[in-house]
Amino acid sequence: LAKTTQPISMDSYEGQEVNITCSHNNIATNDYITWYQQFPSQGPRFIIQGYKTKVTNEVASLFIPADRKSSTLSLPRVSLSDTAVYYCLVIYNFNKFYFGSGTKLNVKP
Amino acid sequence: GAVVSQHPSWVICKSGTSVKIECRSLDFQATTMFWYRQFPKQSLMLMATSNEGSKATYEQGVEKDKFLINHASLTLSTLTVTSAHPEDSSFYICSASRDSRVNTEAFFGQGTRLTVV
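Protein chains in written order, with the working numbering: chain A, 1 to 109; chain B, 1 to 117.
Don't read these hints as lab results, they were simulated from the structure.
As the structure is a computational prediction, the values presented were derived from the model and not from experiment.
Where is the CB? At the ideal position from N, CA and C, for every residue including glycine.
So the derived label-pair ranges between C-beta atoms look like this:
{"#": "1", "chain 1": "B", "residue 1": "H85", "chain 2": "A", "residue 2": "Y51", "range": "40 to 50 Å"}
{"#": "2", "chain 1": "A", "residue 1": "S101", "chain 2": "B", "residue 2": "D65", "range": "26 to 36 Å"}
{"#": "3", "chain 1": "A", "residue 1": "G15", "chain 2": "B", "residue 2": "D65", "range": "47 to 57 Å"}
{"#": "4", "chain 1": "B", "residue 1": "G16", "chain 2": "A", "residue 2": "Y51", "range": "46 to 56 Å"}
{"#": "5", "chain 1": "B", "residue 1": "S18", "chain 2": "A", "residue 2": "S101", "range": "30 to 40 Å"}
{"#": "6", "chain 1": "A", "residue 1": "K108", "chain 2": "B", "residue 2": "H85", "range": "31 to 41 Å"}
Straight-line distance between alpha carbons at most 30 Å, and here's what the computed DSSO-like set of lysine-lysine pairs gives:
{"#": "7", "chain 1": "A", "residue 1": "K54", "chain 2": "A", "residue 2": "K69"}
{"#": "8", "chain 1": "B", "residue 1": "K55", "chain 2": "B", "residue 2": "K14"}
{"#": "9", "chain 1": "B", "residue 1": "K41", "chain 2": "A", "residue 2": "K104"}
{"#": "10", "chain 1": "A", "residue 1": "K54", "chain 2": "A", "residue 2": "K108"}
{"#": "11", "chain 1": "B", "residue 1": "K20", "chain 2": "B", "residue 2": "K64"}
{"#": "12", "chain 1": "B", "residue 1": "K55", "chain 2": "A", "residue 2": "K3"}
{"#": "13", "chain 1": "A", "residue 1": "K52", "chain 2": "A", "residue 2": "K3"}
{"#": "14", "chain 1": "B", "residue 1": "K66", "chain 2": "B", "residue 2": "K14"}
{"#": "15", "chain 1": "B", "residue 1": "K64", "chain 2": "A", "residue 2": "K3"}
{"#": "16", "chain 1": "A", "residue 1": "K104", "chain 2": "A", "residue 2": "K3"}
{"#": "17", "chain 1": "A", "residue 1": "K69", "chain 2": "B", "residue 2": "K41"}
{"#": "18", "chain 1": "A", "residue 1": "K104", "chain 2": "A", "residue 2": "K54"}
{"#": "19", "chain 1": "B", "residue 1": "K14", "chain 2": "B", "residue 2": "K41"}
{"#": "20", "chain 1": "A", "residue 1": "K108", "chain 2": "B", "residue 2": "K41"}
{"#": "21", "chain 1": "A", "residue 1": "K3", "chain 2": "B", "residue 2": "K66"}
{"#": "22", "chain 1": "B", "residue 1": "K41", "chain 2": "A", "residue 2": "K3"}
{"#": "23", "chain 1": "B", "residue 1": "K41", "chain 2": "B", "residue 2": "K20"}
{"#": "24", "chain 1": "A", "residue 1": "K104", "chain 2": "A", "residue 2": "K69"}
{"#": "25", "chain 1": "B", "residue 1": "K64", "chain 2": "B", "residue 2": "K41"}
{"#": "26", "chain 1": "A", "residue 1": "K69", "chain 2": "A", "residue 2": "K52"}
{"#": "27", "chain 1": "B", "residue 1": "K55", "chain 2": "B", "residue 2": "K20"}
Based on the provided sequences and hints, a complete structural model is requested.
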């Protein structure tokens, strides 16, 4: 299973764009990259998933370079309610997730 | 999105007693569910894979006799913490997917806060 590395924490201000990068040097050919958000005392919530290039949905964008050894989650114009822990996972097939340490994003007013 | 519900949301029990936590997929069937444990300020740790109609598969270091898992139907898995001790106090979370195909999105329950006194 591919191991992921993310910054432990990040600070931002309301209205800014936040980019969180994840390294996954050992990603396998069939692995997908998936990001989850977790608020205190809640279960993780799916944000976005991608395989290569760029994926965008209503809440975020995911940028994946050609070598797929890293990925960047982009949150446009964050608000205080985006303060949470963000987890990057590489997943294949069986939805058995091993979570890394995650990135604690602190959005300030 | 699909809903996975856990019950109870929180529970306080006395040391030595057993506690059962339920995980239900409300609007889809799940042949496989997963149980996680999360200590304060730490990441989620996978405990076991719950398989409908068969024995659960436990991760290394997780005591199967301590954490009993039953997956009796396609919409319900239960985790029983037996003879609970204060060190078992934690946040327990389950997840389930719609089917077993590649990279199906997994849905997580809201978690159960267990406090053993």
